[in-house]
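**Student:** Dock chain S against the given chain X, drawing on the hints supplied.
Protein sequences appear in the order of chains X and S.
So for the first sequence, this note's numbering puts the first residue at 1; every next one is plus one.
So for the second sequence, this note's numbering puts the first residue at 1; every next one is plus one.
Calculated directly from the structure, the hints in this document are not laboratory data.
Take these hints with a grain of salt, some might be off.
Cut-off 30 Å, straight-line C-alpha distance, at most; resulting in silico cross-link-like pairs (BS3-like, lysine-lysine) [as the list claims (entries may be wrong)]:
| no. | chain 1 | residue 1 | chain 2 | residue 2 |
| --- | --- | --- | --- | --- |
| 1 | X | LYS9 | S | LYS49 |
| 2 | S | LYS114 | S | LYS58 |
| 3 | S | LYS49 | X | LYS71 |
| 4 | S | LYS49 | X | LYS57 |
| 5 | S | LYS49 | S | LYS68 |
| 6 | S | LYS69 | S | LYS58 |
| 7 | X | LYS57 | X | LYS83 |
| 8 | S | LYS114 | S | LYS49 |
| 9 | X | LYS9 | X | LYS71 |
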Amino acid sequence: DGGITQSPKYLFRKEGQNVTLSCEQNLNHDAMYWYRQDPGQGLRLIYYSQIVNDFQKGDIAEGYSVSREKKESFPLTVTSAQKNPTAFYLCASSIPGQPNQPQHFGDGTRLSIL
Amino acid sequence: AQSVTQLGSHVSVSEGALVLLRCNYSSSVPPYLFWYVQYPNQGLQLLLKYTTGATLVKGINGFEAEFKKSETSFHLTKPSAHMSDAAEYFCAVSDYGAAGNKLTFGGGTRVLVKP
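Just chain X, same shape as in the assembly (with noise of 0.2 Å):
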């Protein structure tokens, strides 16, 4: 079956590392996202991406960084410039132009500061 796996599930960053979280899907999506989820917050968009070799900052990308070398994948680094790196973040495919197409996400990394 077609989805997207993230991993790992559950990851823990020290004060002034650098993470990597990873997506991968299999879906043939050419866009791809990554959200933060925050209590009470709803879903914030991160980076997403339209087309390989290509990526937009969304609303709350300080921090942040991503690549997009393959189709099928799309790593998000947290970096040490991320204060508050403690959240649920999602990772999401769809297919691009097509504004009436959902997104399907895959199950999320939680991160954690030690």
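**Tutor:** Quick look at chain S alone, frame taken from chain X:
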């Protein structure tokens, strides 16, 4: 820019009672609207979507939603709550433009089902 407001961050219903979750949106273009459900420590699963056509949309697990343009609303209902409906529900509107398609989410409503 689009925005979504979900009234009530928490809703408590008895098993067998009506579930009503409210969603209001603002959009400068014809909206595409979605309801998602999230179970603990999982991703979001699509319940239903409104694109064009029939304003009453049926989804999975017995849920349905009605698009009312005059009220800019897209409320989600289920006639009879089941214990398995306990989850968090998100309303979203599609935000599309030259930079691609994005979703703007409401703050979510957590549903508690009492036996």
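**Student:** All the hints need checking, so say for each whether the structure fits it.
**Tutor:** Quick rundown of the hints versus the structure:
1. LYS9(X) x LYS49(S): Distance of about 28 Å is within 30 Å: holds.
2. LYS114(S) x LYS58(S): At roughly 25 Å apart (the allowed maximum being 30 Å), LYS58(S) and LYS114(S) satisfy the hint.
3. LYS49(S) x LYS71(X): Within the cut-off at roughly 26 Å; holds.
4. LYS49(S) x LYS57(X): holds (26 Å)
5. LYS49(S) x LYS68(S): It holds: about 14 Å lies between the C-alpha atoms, which stays within 30 Å.
6. LYS69(S) x LYS58(S): holds (17 Å)
7. LYS57(X) x LYS83(X): It holds: about 18 Å lies between the C-alpha atoms, which stays within 30 Å.
8. LYS114(S) x LYS49(S): holds (28 Å)
9. LYS9(X) x LYS71(X): Answer holds: LYS9(X) to LYS71(X) is near 22 Å, not above 30 Å.
No hint from the list above goes unmet by this structure.
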